[in-house]
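Put chain B on the given structure of chain A with help from the hints.
Okay, here's what each chain looks like letter by letter:
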Amino acid sequence: SQKIEQNSEALNIQEGKTATLTCNYTNYSPAYLQWYRQDPGRGPVFLLLIRENEKEKRKERLKVTFDTTLKQSLFHITASQPADSATYLCALLGGGGNKLTFGTGTQLKVEL
Amino acid sequence: DAGVIQSPRHEVTEMGQEVTLRCKPISGHNSLFWYRQTMMRGLELLIYFNNNVPIDDSGMPEDRFSAKMPNASFSTLKIQPSEPRDSAVYFCASRIRQGVESYNEQFFGPGTRLTVL
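Chains A and B are the protein sequences, given in the same order. Using our numbering, you'd call the opening residue of the first sequence number 31 and step up by one each time. Using our numbering, you'd call the opening residue of the second sequence number 197 and step up by one each time.
Chain A on its own, in the form it takes in the complex (with noise of 0.2 Å):
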């Protein structure tokens, strides 16, 4: 079956260290992979786009990989900063159609 997965912890760390998310998926050869953020009470806010033929795609203290061979992408921030506390979606164009799945996300807390 179709999977997504992300760390179901949380992670913890200090501010200015550089955080990395993992989003592992099977069954999919998505077209391309979407990054979110989403803070409590709010909807989902769109951050980054990769597509399958692309390795890494930056934005400012984002980086993102996708790698199609290990069915994975990571997420990083740099430089992180606690205004960067949130839960983080990855989201993949699968499953048949034009939609998007979402895995649970990870949050990250990043303390002073």
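If you're looking for bench data, these hints aren't it; they were derived computationally from the structure. Just so you know, not all the hints are guaranteed correct.
Below, simulated PhoX-like cross-link-like pairs (lysine-lysine); rule was C-alpha separation at most 25 Å, straight line [said to hold, decoys possible]:
(1) A:Lys129 / A:Lys33
(2) A:Lys129 / B:Lys264
(3) B:Lys220 / A:Lys129
(4) B:Lys274 / B:Lys220
(5) A:Lys101 / A:Lys85
(6) A:Lys129 / B:Lys274
(7) A:Lys101 / A:Lys87
(8) A:Lys33 / A:Lys85
(9) A:Lys93 / A:Lys33
Keep in mind the model is a prediction, meaning the values are calculated, not measured.
Quick look at chain B alone, frame taken from chain A:
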């Protein structure tokens, strides 16, 4: 731009009652999505529309759930009758769909927190 608008923000109802959730997508967006989010199952797609036409409703859990999009600026998700297991946060999202495939981001509303007692 006001973004995606959902109402109500919170809904508490009793089992067996009808619940109607409302969504106004961003003007100019032609795809609309209804999601449900719970701690156990995460964010699940219920149904989506392209140009007001339902394309995929395979995520709708039961016949108790129905969704409509009578025009480009309004959609409803109805649960009748509601059950305690329907308690969740329901999100509406919209995007611009161009051509057959679309890589465009989805814009989410603030959600409706539904509690069925």
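Right, here's what the structure says about each hint:
1. A:Lys129 / A:Lys33: Satisfied, since the Cα-Cα distance of roughly 15 Å is no more than 25 Å.
2. A:Lys129 / B:Lys264: Roughly 18 Å between the alpha carbons, so the hint for Lys129 of chain A and Lys264 of chain B holds.
3. B:Lys220 / A:Lys129: holds (20 Å)
4. B:Lys274 / B:Lys220: holds (15 Å)
5. A:Lys101 / A:Lys85: Judged against 25 Å, a Cα distance of about 12 Å means the pair holds.
6. A:Lys129 / B:Lys274: Within the cut-off at roughly 21 Å; holds.
7. A:Lys101 / A:Lys87: holds (16 Å)
8. A:Lys33 / A:Lys85: holds (21 Å)
9. A:Lys93 / A:Lys33: Holds. Lys93 of chain A to Lys33 of chain A sits at ~23 Å (cutoff 25 Å).
Comparing the model with each earlier hint shows no violations; every hint is respected.
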